[in-house]
Amino acid sequence: MKTKIQRLAMGALLTLGLTTVTACSGSDSASDTTVATNPPAPMITVSGEWARTSPAATDMGAAYLTINTDADDTLQSVAVDASVAAMAQIHEMVPVENSMSTASTMAGSPGTTMDSSAMTMKEVDHIDVKAGIALELKPGSYHIMLMKLVKPLLTGESFKMILTFAKAGQVEITVPVLEDAP
Amino acid sequence: MSEMVFRTRIRAAAICLVVVTSALVSCSNSNDSLDGYIPPSPKNVSTATVHEAGAATPMSFVPTAGEVLIVYFGYTHCPDLCPTTMVAVKNAKKKIGELSTKVDLAMITVDPDRDTDEILSRYLASFSDRYHALVPTSDVELRAVEKLFQATSSVTNVDGEIQVVHGGTAYVVDSTGNVVVEWPFGLDAISMAHDLTILLTERKKTT
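Quick mapping for you: the protein sequence lines, in order, are chains A and Y. If you're matching positions, the first sequence starts at 1 in our numbering and goes up one per residue. If you're matching positions, the second sequence starts at 1001 in our numbering and goes up one per residue.
Hints were generated in silico from the structure; no laboratory data involved. Wrong hints could be hidden among the right ones.
[Said to hold, decoys possible] Derived lysine to any residue pairs resembling SDA-like cross-links, with alpha carbons at most 20 Å apart: (1) K138(A) / L1034(Y); (2) K122(A) / H1077(Y); (3) K122(A) / D1188(Y); (4) K148(A) / V1158(Y); (5) K1094(Y) / L1034(Y); (6) K138(A) / P1184(Y); (7) K1094(Y) / K138(A).
[As the list claims (entries may be wrong)] What follows is a list of derived Cβ distance ranges for each label pair: (8) V1158(Y) / D72(A): 25 to 35 Å; (9) N1157(Y) / S77(A): 17 to 27 Å; (10) R1114(Y) / I162(A): 26 to 36 Å; (11) I133(A) / T1197(Y): 34 to 44 Å; (12) K167(A) / S1138(Y): 34 to 44 Å; (13) A1125(Y) / I133(A): 33 to 43 Å; (14) A1144(Y) / K167(A): 21 to 31 Å; (15) T1101(Y) / G48(A): 32 to 42 Å; (16) S83(A) / A1125(Y): 20 to 30 Å; (17) A181(A) / G1160(Y): 47 to 57 Å; (18) K160(A) / N1157(Y): 25 to 35 Å; (19) T1197(Y) / P182(A): 22 to 32 Å; (20) A82(A) / P1058(Y): 25 to 35 Å; (21) V1158(Y) / Q76(A): 41 to 51 Å.
All residues carry an ideal CB built from backbone N, CA and C; glycine is no exception.
Kindly generate the complete structure, drawing on both the sequences and the hints.
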């Protein structure tokens, strides 16, 4: 279930590999370096992308994926078509202690019995992606929140999502809708 | 800013580590011990008083002998934790076949301003054929039931954006009204099914 981007990225990887081999063999034929940009943009590979089937009566959704890159980059924003959701944001689940210190206007007193598992969701401005380290967006961690879904996400459907990276630019992926993690 | 993000990432990694560790522990468990977390001191929730829509008396948090009740504090605008756990419960019930008829599910919304009975009922019907949609009618009612489970939640309006804090734990109550096992967020359907099988089979033996 490889996306077009993955294939493109793999193609690019292959090309780079060939270039390296060429360089090692001492040839100076630079004509086959089809991805030669100076400096080359990081090559982003997105895998395992999926979005949760919408439970009834909710217009919020979440999408998950894994990002790999060959050079450090930053995921700056995510976008979906207006026909899917009003907005997509990068979110992260954080333990409640963290949010408590930042939100001074807590409604309702938490009381004395602290629930150590209490968490809340926060919008994240960006996520750094390190070369060689897979960045997983997964339940209970980072996720892409789809706000105000136009219609429920149904199992078996899919939609396009665009990830924008600081260096690599835009990466378009097709996200299948699944009931549970693949 | 980037340092803050980094710190939260470390924390997220730490959480993942905890989840992974507990998963590993659960894998090494023998077949007759529960995968979830057993409360160190008994938590009896039989006095909980939350009404289901239209009911004259509060719902009983004490299941019939030989059955269990799964209780979850969540909200329907929750895109990540709640559906993850609900799907795990749904899949766990699928795994245990016939025994699943003895599993009841109650979700108490921590966001009663947005979750009506009707909304919560439709939401739960996506995950279980047997459920109780519980919308506390007052903050006092919500805090009282949370106290019994030692759960916490809050709803805050931060610059027009509603921020909800809640625990990701699912509580399993048996016919004594005690929480017999707690499932932290991230526990998978296999472990839940494992625990349900033990709890329901033990109950069968004793009744």
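Note to self: Please check whether N1157(Y) and S77(A) have a Cβ separation lying inside 17 to 27 Å.
What the structure shows: Holds, at about 25 Å.
Check: Is the hinted range of 22 to 32 Å satisfied by the C-beta distance from T1197(Y) to P182(A)?
Finding: Given range 22 to 32 Å: holds, Cβ gap about 26 Å.
Check: Do K160(A) and N1157(Y) keep their Cβ atoms within the hinted range of 25 to 35 Å?
Finding: holds (33 Å)
Check: Are A1144(Y) and K167(A) spaced within 21 to 31 Å by their CB atoms?
Finding: violated (53 Å)
Item checked: Distance restraint hint 32 to 42 Å, applied to the beta-carbon atoms of T1101(Y) and G48(A) -> This hint holds: roughly 35 Å between Cβ atoms.
Item checked: Straight-line alpha-carbon gap K122(A) to D1188(Y), limit 20 Å -> violated (24 Å)
Next item on the list: May I ask you to test the hint 47 to 57 Å on the CB atoms belonging to A181(A) and G1160(Y)?
Entry: This hint is violated: roughly 32 Å between Cβ atoms.
Notebook entry, point to check: Regarding the pair K1094(Y) and L1034(Y), is the alpha-carbon distance no greater than 20 Å?
Noted result: holds (19 Å)
Notebook entry, point to check: Between K122(A) and H1077(Y), does the CA-CA distance stay at or below 20 Å?
Noted result: holds (14 Å)
Check: Is K138(A) within 20 Å of P1184(Y), Cα to Cα?
Finding: holds (16 Å)
Notebook entry, point to check: Does the hinted range 33 to 43 Å hold for A1125(Y) and I133(A) at CB?
Noted result: holds (41 Å)
Notebook entry, point to check: When you take the CB atoms of V1158(Y) and Q76(A), is the distance between them in 41 to 51 Å?
Noted result: Violated - the Cβ-Cβ distance for V1158(Y) and Q76(A), about 23 Å, lies outside 41 to 51 Å.
In terms of the numbered hints stated before, the structure departs from hints 1, 3, 7, 12, 14, 17, 20, 21, listed from lowest to highest.
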